[in-house]
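Listed below are the residues making up each chain.
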Amino acid sequence: MIGSETLIAAGGLGAAYALAALGFVLIINAVGAVNFAQGDFVMAGGYVAVVAASWLSQNTDVAVIAPGLVILPLVLLAMAVIGLGFSALAYLPLRRRPPMAVFISTIAIGIMLRQSANAFFGAAPQAGPVMVAPGLAGNNGHQLAMIAAALVVIAALHGLLNGTQFGRHLRASAQDPQMAAAVGIPVTRMILATFALAIALAGLAGLLLSHQYLVQPDDGTTYMLKAYIAVTLGGWGRINGAVAGALAIAVFETVVATLVSQVLAEMLLYVLVLAVLWVRPQGLFGKIEGRRA
Amino acid sequence: MSALLRLENLAVSRNGTPQVHDLDLAIPAGRIDAIVGANGAGKSELLGALMGFDTVISGRILFAGKDISHLKTHQRARLGMGFCPEGRRLFPAMTVAETLATASRGGSQHRRRQQAEILALFPALANRLNAHAWHLSGGEQQMLAIGRALATQPTLLILDEPSLGLAPKVMHEIATGLQQLRDAGTSILIAEQNAHFALSLADHAWLMAAGKLVLNAPADGLIDHPEMKTLMLGG
Amino acid sequence: MTRQTLIGGGVVSALAVLFMANAGGYEMRLMSLAGIYTIAVLGYQMALGHAGVLSLAQGAFFGVGAYVTGILTTQHNLDGAAAMLAAMLVAAVLAALVAIPVLRLKTHYFALATLAIAEVVHLLAVNWTTVTGGANGIYGVPPLVLFSIEIASGWPLLVTVWSAVALAAGLVFWRTSGRRGLRLDLARETPLAADVVGINRRRQRFELFVLSAILAAVAGSFQAHAIGVVSPAVTDFALMVTILVATLVGGQQRILGAVIGGILVIHLPEWFRAFDVFYLIAYGAALLLVIIVAPKGIAGFWPRRHLQETHAAQPPPALCCRQASLHCANLRKHFGGVKAVDGITARFTTGQITGVIGPNGSGKSTLLNLLTGLIRADGGTITLDHKEVTSLSADTRARAGLARAFQHPDLVREHRVWEAVMAAIPLSKDSVQAAKDAAAACAHVDLQGQAATLVEHLSPEGLRRLEIARALATVPDILLLDEPAAGLTAAEQDRLAVTVRRLADDGLAIIVVEHGMRFLLPLADTIICLDQGQVIATGPAAEIAENPEVIDCYLGRFEEAAKEAGK
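Chains as they are written, first to last, in the working numbering: chain A, 1 to 293; chain B, 1001 to 1235; chain C, 2001 to 2567.
These are calculated hints, taken from the structure and not from any lab test. Among the hints, erroneous ones may be present.
[To be verified] Derived CB-CB ranges, DEER-like:
hint: 1; chain 1: A; residue 1: Ala156; chain 2: C; residue 2: Gln2075; range: 32 to 40 angstroms
hint: 2; chain 1: B; residue 1: Gly1138; chain 2: C; residue 2: Gly2351; range: 25 to 33 angstroms
hint: 3; chain 1: C; residue 1: Ala2233; chain 2: A; residue 2: Gly3; range: 45 to 53 angstroms
hint: 4; chain 1: A; residue 1: Ala133; chain 2: B; residue 2: Ser1137; range: 42 to 50 angstroms
hint: 5; chain 1: C; residue 1: Asp2552; chain 2: B; residue 2: Ser1137; range: 18 to 26 angstroms
hint: 6; chain 1: B; residue 1: Asn1015; chain 2: C; residue 2: Trp2174; range: 29 to 37 angstroms
hint: 7; chain 1: C; residue 1: Leu2289; chain 2: B; residue 2: Thr1155; range: 42 to 50 angstroms
hint: 8; chain 1: C; residue 1: Ala2233; chain 2: A; residue 2: Ala133; range: 36 to 44 angstroms
Predicted model, so just to flag it, every value in this text is computed and none were measured. The C-beta atom is built at its ideal place from N, Cα and C for all residues, glycine as well.
Extracted from the complex, chain A is given alone in its bound form (with noise of 0.2 angstroms):
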């Protein structure tokens, strides 16, 4: 039956599904491209936890009682500086050639990052940290530090777009390149911000994940294409719309997983978004806005 335990999990889940998908959705909106290595940098979020998890547990005598939440910055800023190196080889080498190339080109990256993490760590799946230690919070301590870590990181960079210069810059930048820097904003630069951005978000969803899920080389595909479909559902290019999507994607999945399987669970998502696509190629809440190219 569902019971608040399941809806708790669905929750964790969904925190970490719609941190991927806001990363992915500020980089559809920054460069018109959608970024196939999102779910790629999820799984790098969850390799820097574990190994930012186990240099702290070896170099601290002090019993950590909330590991997660200790390294989470550290893995934020160590992902935001993985994203500028990202944009500078997926995206400014392409930046005068159409979205496709920045596409295949996240594509080759995504490649790279899979097999460095094989290469690395190995096929066998690790665990990353845990968010509070168990004996802190209870039993659902860990769910609940990741829904509170998520809600605070997706509180603030709501903050950060609407609230601050350079949130409006980098919204700027994105709705109207040319008019962006007609006001003197500096656009190139806010991208190469957004992709710092992006990639931390997806870093952080990665270490989120990282103690429940496990972490896999292999991981990304599936990262990815939930963000896709957060971001589809949720109207394309559409902030809220991408947290929304990816709530609904991750309550669907464990309800269905509790109820019956894991399996038909991700094989109706599949064919649920199929159907979406043909009723409403725009996406399920998408509205053609008065956007001029």
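Given the coordinates of chain A, assemble chains B and C onto it according to the supplied hints.
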């Protein structure tokens, strides 16, 4: 004499097609200058070259004595060129207040002061501060587009077809606003197809046809110039 | 056959013989796999390179081919050839079913939809254990049997696979070269231009997508026989990535590219083996490098083949236009609150040049788009030769005799002038007639002698003339020109006016949307002046030029309003 904006032998192309040929022009500070010509005369491409959108094939653009031909768009904006494009091109998912804040440089106090100044110039925007760009009427959109350019504190405000699609009454409000700006010390350059509007607003006019300037004279009385009619009818 | 082709063929055959004489079983196996991937890549080129759709289901169709073969040969004792046919059929049906909802989607949604299909196939392969054998897959797939000869691995398989490559390449060549190829270029690169010359893009995409699935299934079927095992790995996304990489590295459109891609993608891992576990990283890096430095893939370094001019008409033969008329009544189109076209009624007939003028935003372009069918009217009717066409698509109207030239020339840059014109000629015409039509079209706009010039090397005037030539190549009765004189010098405008007049005298009904009256006044028989989506004046050119309302709308309205507001 040092002109605020000086174009020397400027040739411009858009999408590989040359649109402006060997053009020389000098504009002093403190004036409203209008470039008037029929559709396809090359006005839009000329302004595009000023902002770095269209390709300069040859020649130079001097702004306040500095060669800006090779600067990026955002650098030109920071030197004091404010741009209000044809079709307005507002940030679609931003409110009026957000749009003005985005274009503004400086702290929050400075932003508030600037917003107040712009609202004083275009009072119609005051009630719409939290409305999104696409909910505004055509006139309000145009005012916001001008306001966005003003928020960058330009020494030269450049407007491409500001009258397009507007009712005459709204045009009048905009013309009044622009004249106030000029009186307050902002130089203005507009490109217009609506000769009546442009000439009643400007101090000086440059007539353009087939990518070249054919005449420049004080705007007063120019509407009755014999060349005016043939020119505007696409001559 | 050129000498180059013969020499090239000779070299390849010699290398093949050399290879067969010296290769061991391992190399033969690798080359067989390379051939199998070449077939899959040839198919993928159809979707990605020729139709321009980013399908991510090619791997799934490969997997379907492999599974159908594996299941039928092991569980139903079907022979290999029959199983391969069945595999092709299943893939074709699946692709056709999928194509209906999916092919109309925009790039990113299309990619997602095909990916979702691929995931469903993969999940089925892993979990439908009773049929697919689950994670273990299907063992003991027998070798292929053709005409009751068993194709053993080693050189028999190698020869069979590469013969199939040759067949597939022949099929691809037939579908994508010559005039067919030009029409694919047009539909992919300049979809609007494809619509107005009468190309049915939906059918074209459908055909290519189904064909791509069939070739993927053939490859999958071969692989099942070659390896003897079908496991869920054949439906894994990694396989899709392999095909994608091979296609991008080799080249998206050229047959040579498919061969290069197929061979490289199988052999690279072997060559990179020295890198140990890092070879796959290098593989990703190689893909990235290719996208950045060689967007057309390795085959892109070879020059493109061009269709040769085969006929030259000089002077131009008379056009054979029928008596035709285009009529619109009370036509309306609103964009949000803007009434772009607000109740326009007009008639255009044979031999007449009708000018449509008006200031910016008066509705000229919208009217043209409504007449050609690029946008649909909100109200009113459009009648072509007494037949209502209001709800017909642009390509259907084009086939009924309506042609159009765009204001900003919408041409494929890599085409030559001759090819750009040939692309517009329906395939129902034989090559002799097509060449005649193309030559006549070029001659009508004085482009003869420039047939071999690349579009990207044409002058602005040449581009404008080529736009008109392409429209004429469809042998239209009615020709719509969108601002043909914009951006041209006075001398160029005068020359163009002579050309347009001559076409009308030959019997075309011509509609010219123009802004400048200098060009239009001497040229047009009748002029319609629009303002704010409505007709404000109609009449002979001389009258219109003196009409105070027309002059008023061109010079702009302001002063009275300003005075009023000032009071």
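Checked hints:
1. Checked against the hint of 32 to 40 angstroms, the C-beta distance between Ala156 (chain A) and Gln2075 (chain C) comes to roughly 57 angstroms, which is inconsistent with it.
2. Our hint of 25 to 33 angstroms for Gly1138 (chain B) and Gly2351 (chain C) is violated, since their Cβ atoms are close to 41 angstroms apart.
3. Judged by the Cβ atoms, the range 45 to 53 angstroms given for Ala2233 (chain C) and Gly3 (chain A) is violated: they are separated by roughly 38 angstroms.
4. Checked against the hint of 42 to 50 angstroms, the C-beta distance between Ala133 (chain A) and Ser1137 (chain B) comes to roughly 59 angstroms, which is inconsistent with it.
5. The beta-carbon spacing between Asp2552 (chain C) and Ser1137 (chain B), approximately 24 angstroms, falls within the hinted interval of 18 to 26 angstroms.
6. A hinted range of 29 to 37 angstroms holds for the C-beta pair Asn1015 (chain B) and Trp2174 (chain C), which are about 36 angstroms apart.
7. Checked against the hint of 42 to 50 angstroms, the pair Leu2289 (chain C) and Thr1155 (chain B) passes, with Cβ atoms roughly 46 angstroms apart.
8. For Ala2233 (chain C) paired with Ala133 (chain A), a C-beta distance near 40 angstroms keeps the hint of 36 to 44 angstroms intact.
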